[in-house]
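Colleague: Here is what each chain is made of, one letter per residue.
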Amino acid sequence: MAEHYSSFTPGGTMWLLQRITAAFLVVVLAFHFFLLHFVNHAADITWQGTQMRMQDLGYFLTMVLFLITAAFHGINGVYNALVNQGLSGTPKKVVLAVLTLAGLALVIQGVYVALVMRGMV
Amino acid sequence: MSTQQQEPEEAPETDPEAAEVPPESHEMKAQSSPQQARLQRKQDGLAARERAADETELEGDTVHIKVFRYDPEVEAKQEPRFDDFYVPYTRGMTVLDALIYARDEFDPSLTFRHSCRQAICGSDAFFVNGSQRLGCKTQLSELSQPVRIEPLPHQEVVKDLVVDMEHFYDQMHSVEPYFQQEDLPAGELAEQRQTRENREKVKMSTRCIWCAACMSSCNIAAGDNQYLGPAAINKAYRFAMDEREDEEIKEHRLRIIEQEHGVWRCQTQFSCTEVCPKDIPLTEHIQELKREAVKKNLKFW
Amino acid sequence: MYEHDVIVVGAGGAGLRAAIAAHEAGADVAMVTKLHPVRSHTGAAEGGINAALREGDDWELHAYDTMKGSDYLGDAPAIETLAKDAPKDTITLEHWGMPFSREEDGTVSQRPFGGLSFPRTTYAGAETGHHLLHVLYEQVVKRGIQVYDEWYVMNLAVSDEPDPNDRTCHGVVAYDVQSGAVEGFKANRGVILATGGPGQAFDHTTNAVSCTGDGHAIAYRAGVPLEDMEFVQFHPTTLPSTGVLISEGVRGEGGILYNNEGERFMFEHGYANNAGELASRDVVSRAELTEVNEGRGVEDEYVHLDMRHLGAERIVDRLENILHLAEDFEGVDGLVEPMPVKPGQHYEMGGIETDENGETCITGLYAAGECACVSVHGANRLGGNALPELVVFGKRAGYHAAGKDLGEAQIETGYREGVEEEDMELPIAPGETGLAETGDDAVADGGQLADTDGVLEGAVETERKRVEYLMERDEGIQHAEIRSKLQQAMTADVNVFRNEDGIKRALRVIRECREEYRDVYVADPSRTFNTDLQMTYETRNLIDVAETIALGALVRNEFRGAHWRQENQIRDDENWLKHTLISWNGGKPSIWYRPVILEGEDKTYEPKIRSY
Amino acid sequence: MSQSYNRGLIEDFGRWKEFSAGMWAWIFHKFTGWILIGYLFTHIAVLSSAIAAADGQTIVVGGETVNAYTGTLQGLESLFIVRVMEVGLLAVAVFHILNGCRLLMVDLGIGLEAQDKSFYASLVLTGIIVVASVPTFMQGVGL
Ligand SMILES: Cc1cc2nc3c(=O)[nH]c(=O)nc-3n(C[C@H](O)[C@H](O)[C@H](O)COP(=O)(O)OP(=O)(O)OC[C@H]3O[C@@H](n4cnc5c(N)ncnc54)[C@H](O)[C@@H]3O)c2cc1C
Ligand code: HEM
Ligand code: SF4
Ligand code: F3S
Ligand code: FES
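Quick note, the sequences are listed as chains V, G, L and H, same order.
Add 620 to a position in the first sequence, counting from 1, and you land on the number used in my numbering.
Add 4 to a position in the second sequence, counting from 1, and you land on the number used in my numbering.
Add 202 to a position in the third sequence, counting from 1, and you land on the number used in my numbering.
Add 680 to a position in the fourth sequence, counting from 1, and you land on the number used in my numbering.
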């Protein structure tokens, strides 16, 4: 049976990345929720407010990183869940491609929006 | 032989020994005599057992078991069904005892694997009242009735409670489950040294009896047929952590378990650890191997 | 039909070791076993494996202890081989990764065991057999040896010369439990029987449900004599409700036996003034039963084994699984209460007669492990001496079957003209009846079969017919009924204490069982995993084995080792320094004797009083 | 699954009945993770109204003409159902975070014996945090 496995080890890296992004997300997500629901109430959010926050480079970069890690973490999580349910062969490749594209689209769109908010586009 | 309902022919005799008789009072000699101390301890023991006896109100009763039946070859059993058996209860009776009774007294075609009756051969893991247990190690008095006994989930049913174990064995064999150290101390009487700590470390992992309860309880293994499964990973752990094997062999072992369908598949569901009749901390072992594998990979980065 | 050089029947410690050895010697080996290898009963062994490994100990002391333990009924060449080979064969296990318990300096631990003059019982926790079994199986996996698991061996394919010593074994007939197919396995060089003990002949036993003496019975019916079958070891510490064994390790570590009056009876009633609890098993078993019989038993059934004074730490460290066993199977917590124990059938010293190379009198037929009797255990096996027997004689049988030269054996096998024969009046005519359900004889007696393949094919045909016959009947008696009657009779009358009337009574019941077996039928109509059929086969084997035990017990009118006779409660060296052998002779058992070999390599063992 | 004999509901019922802590945690984590990633997509979509806002587009909310971004957000925020869903989102996120932390601990081999207790703790904490946040979340919502 052992021969069936290749010596290529994708699992380990992704597994580790999933944990690292998770650790990062704990902090940022908590911060995000706190800022936008408790400090500023979601209902009071305005275009000006958002623009102002985005002017801060640190905040802007954090939000972009937040988006990228969350997208990776979420997409990778979903992919893993599907593989765990026995997804294999061609469907597996297709799912991977679709999820990657969706993730990329999400990140691109998100970064674009962020740049708009910062007034850089 | 379709035996859907079975009642014992005669009411079982109540076991007179079941009711605990207090020991005759002995003449107490010196307060501190060891004999007296022993008696005291003995009485404590009896009291403890009396309590236990209270819990088993089943004494003299019959136990209702519902057993999964299926046989691809026999017409009446091709459609899976449950048969009811009423087995006279005796103190200390296990699920396996009840099955043996049902087979020997009611229906000889009732089929299940069993051998040692002492939780060491690993042949009688069943799905009892919704969880994976060894028949011989499960007291009927702990279970609510009717006791449902089914074959292990996620394995093909051969007949009644017998499942096909081939896949499980394949997974066990796939982790190269054998000692590979070639470089042995010189001389046929020279032993390899192993520290007590190291033996202690692998001790639990060496207790596996290949019953497959863990594998059957794991949802990941159910979904992904290629997943090595907790038992095989634990087997790999047993060798990877044994200091008698060289570093290179350990690395080779880590490579095997960190394949796509190896340790990373585990989602820490813990059900394997919960059902293992040998109390092996499976999840812990799997997690430790994940960390070892990460460490090993980091070394190469 | 399957074909291999060497076929090993049974995959317990002995079978696995034999297969590895035969493979090392270059043979194409296959194992045929009714259980998957790791399910074998070797896994239940707890205490340890004796080997003279340390400074201050040597093989001669081990041999001496074994000879004394055997009550001078062991054959010296066999005992010396065991004691000499055990150290290196035990270290081989260590080299294969066996997780032995360790000393501070990293060497393997040893502990004292009953009847040993040196603590030489090498152990791995209280689960030595489990580890031994798994380590050996791992090595079988490593070598890629073919295992046919869940194949039940029904019979041997042996040619039918009139004198068993001229016969040749060509293979076995087995039945695939999963599919129900009956097939032949041709063995070009040899068949090794390693089918374990026959404990199921008794109803209170430490043996597994699968220990049904199949190897004993098929070899016996093929013409190989069974040796010293009356010597059945009853273990003094088994749990009363299940027969689950509480290892001798508990007493080795310092566990104490008490009667219901809290007396340490081994000393206080003088059963063994020196060794106390660590006296040999038969001594302790009889002591316990005497206590119970004289009204000092707990609940008139058992005695107490107490280990609490050892302290929780030591108990958990060395005897942890004992705690689990007491808890799971008797509901007793060994840390706070003494454990109830009583004697139970444990080990069959006798078995298929072999020489030191594992060979029987039939060419190409070998036996090793508990089913064999090379005669290392004689009248009583010392604790920790069975596991080394498995690896030492398993290995030798494997080598020899594969063609490796191990030198001339010193033990002679097989019935020869001029041996001393027993002509006692038996209460019944033993043998035959009830076993020839198909009208064919069990062995192809009479009418020589022409060629090798013919022997195997003939044997396969016979078994196929037998299965048909059993399956086609739809009424009669159930095997379970016969089996339980047999077991009860054996436990009632061929137990620790034996007397002539009792044994005769048991023999009559065995006869009844034979007769009832004529009407046996298999109720389960399925070919798939038909355990009903398998157990029906096993029951037949149990009847034969039980009969040899009872016959041996009847003729041997003395008290030696595990065998006690009310009529003659002394060890009678003048008349009984000899092995009992029972030959089937095509269905008409005959009983004969062979002197014990007390001459070792360079010394003679003089029978001494066995006191502890 | 492919090779297991289909025992239909029998098998599944039994399994669900005896579901253990670790298993529930696994299911919940999966469930919450999927919701979160789903929400992330929605979230970015909603925020994309910023692009329109930057172009100076306006929309009419409740009779007032406001900036497209502010309007979209406030329009949504004024809906009761959105507020409820936000509370739900909070619950989901908090559980996922807490259980995520639990899983991280498990990965590091810390407190494995207490894995069931830490799961229950995650649940309870999630409950408390969510209840405590309801006033904030519901502030000023028009019914
Ligand atoms: C509870 C217990 C504790 C013990 N503790 C110790 C100890 O501490 N130290 C010690 O030295 N000894 C101990 N012994 C004794 C020792 O364990 C046994 O004698 C020994 O394990 C027997 O091994 P075996 O290989 O001969 O047979 P087993 O391990 O019983 O194997 C028999 C094999 O034969 C196969 N088989 C049987 N019949 C058939 C058939 N018809 N067709 C195909 N296959 C068949 C079975 O599948 C099995 O694989 C103990 C025994 C018991 C019961
Ligand atoms: C805030 C802190 C977060 C932590 C600590 C965290 C932790 C984790 C961990 C450890 C896993 C892996 C579970 C496993 O493989 O066993 C996981 C899975 C997952 N996470 Fe997160 N996560 C966080 C935030 C998020 C966010 C913001 C999203 C959404 C964008 C998300 C979506 C997912 C998804 C979809 C999975 C896969 C679930 C599955 O197994 O089906 N997580 N999370
Ligand atoms: S790890 Fe435990 S549950 Fe799994 S096969 Fe081994 S003993 Fe059985
Ligand atoms: S149940 Fe399965 S997911 Fe992991 S912790 Fe056990 S192997
Ligand atoms: S019968 Fe051997 S483990 Fe239960």
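Hints should not be assumed to be uniformly reliable.
[Said to hold, decoys possible] No more than 27 Å apart at the CA atoms, straight line, and that leaves these computed lysine-lysine pairs for DSSO-like: (1) L:Lys290 to G:Lys207; (2) G:Lys205 to L:Lys344; (3) L:Lys667 to L:Lys286; (4) L:Lys780 to L:Lys286.
Worth flagging that the hints you see were computed from the coordinates, not collected in a lab.
From a predicted model like this one, the values you see are computed outputs, not experimental measurements.
Colleague: Run through the hints listed earlier and report the numbers of any the structure violates, in increasing order.
Modeller: Violated hint (a single one): 3; every other hint is consistent with the structure.
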